[in-house]
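For what it's worth, UniProt numbering labels the leading residue of the sequence shown as 1, then goes sequentially.
Because the hints were derived from the structure by calculation, they are not lab data.
Among the hints, erroneous ones may be present.
Unchecked claim - Lysine-lysine pairs mimicking PhoX-like chemistry, simulated, CA-CA at most 20 Å apart:
1) K32 <-> K122
2) K24 <-> K62
3) K62 <-> K43
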Amino acid sequence: MARDTSLLPPKYLLQEVALTQECKELISSLPKEKGYVFSYSYKYEGFWYTPIHLQGLITCQKYFQAQDSDVFLVTIPKSGTTWLKAIMFTLINRKNYPFADKLKPEETGSNSLEDFFDLFCKGVNTCGPFWDNVLDYWNESKKNSERILFLKYEELKEEPNLHLRRLAEFLGCPFSADEEETGMVEEILKLCSFNNLSNLEINKSTEKLAYGMENKTFFRRGEVGDWKDHLTTDMAKKIDQIIEQMFSGSGLLL
Numbered sequence: 001m002a003r004d005t006s007l008l009p010p011k012y013l014l015q016e017v018a019l020t021q022e023c024k025e026l027i028s029s030l031p032k033e034k035g036y037v038f039s040y041s042y043k044y045e046g047f048w049y050t051p052i053h054l055q056g057l058i059t060c061q062k063y064f065q066a067q068d069s070d071v072f073l074v075t076i077p078k079s080g081t082t083w084l085k086a087i088m089f090t091l092i093n094r095k096n097y098p099f100a101d102k103l104k105p106e107e108t109g110s111n112s113l114e115d116f117f118d119l120f121c122k123g124v125n126t127c128g129p130f131w132d133n134v135l136d137y138w139n140e141s142k143k144n145s146e147r148i149l150f151l152k153y154e155e156l157k158e159e160p161n162l163h164l165r166r167l168a169e170f171l172g173c174p175f176s177a178d179e180e181e182t183g184m185v186e187e188i189l190k191l192c193s194f195n196n197l198s199n200l201e202i203n204k205s206t207e208k209l210a211y212g213m214e215n216k217t218f219f220r221r222g223e224v225g226d227w228k229d230h231l232t233t234d235m236a237k238k239i240d241q242i243i244e245q246m247f248s249g250s251g252l253l254l
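Sequences and hints are given; from them, build the entire structure.
Right, dumping it as structure tokens:
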């Protein structure tokens, strides 16, 4: 049965139509699975992409040249991404950024949990499988800790001061003795706290963003264990089984 595309945000329809001919030809040759935002997701070089993300990837592969000074924040949506972006921006720009100004998050997508869960477990989520991505970065971080800093949301929540200092060291902008004495660490954590970010006027706005979302959708509860309010017992068991199977022997505990 054809999917009712009238339920999708208008911009998604425009993006599907706006694909380049090169991307359309590539898509026609790729394995596909029913998607949760677009009609289908497509497997390219071992990972799954929506059409618009695949087009962006192709463009990056052709034209983007990474520099040694570039910093990439690699996460799955709703895993503390907005929080960590705010922290990183503030760390790097703390000497010339007024603390009273507002931080603006980027857009991400979302869909119903029921539609997403089975696809996620199969690995058919945007840039998935999630497990492969996590393991690749985990293994590489153990071999190349100067280039990759592996952070867990739960640990960041438990010891924010410790991990903020780790992140500052990793980014090459450690806190000076004067900054430590004047409470810069605490100021940054306060500025980037869930309570502060979620209560900024721009993040309370109901104005629609590019993907038909509102800024406030980037902030749920900011708590560890919120999954208990959304996953059934069977869902949780299935995720635990997959984690045990996929990460067995790696030393990675989630």
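Quiz item: Any of the earlier hints contradicted here, and which numbers?
Solution: none
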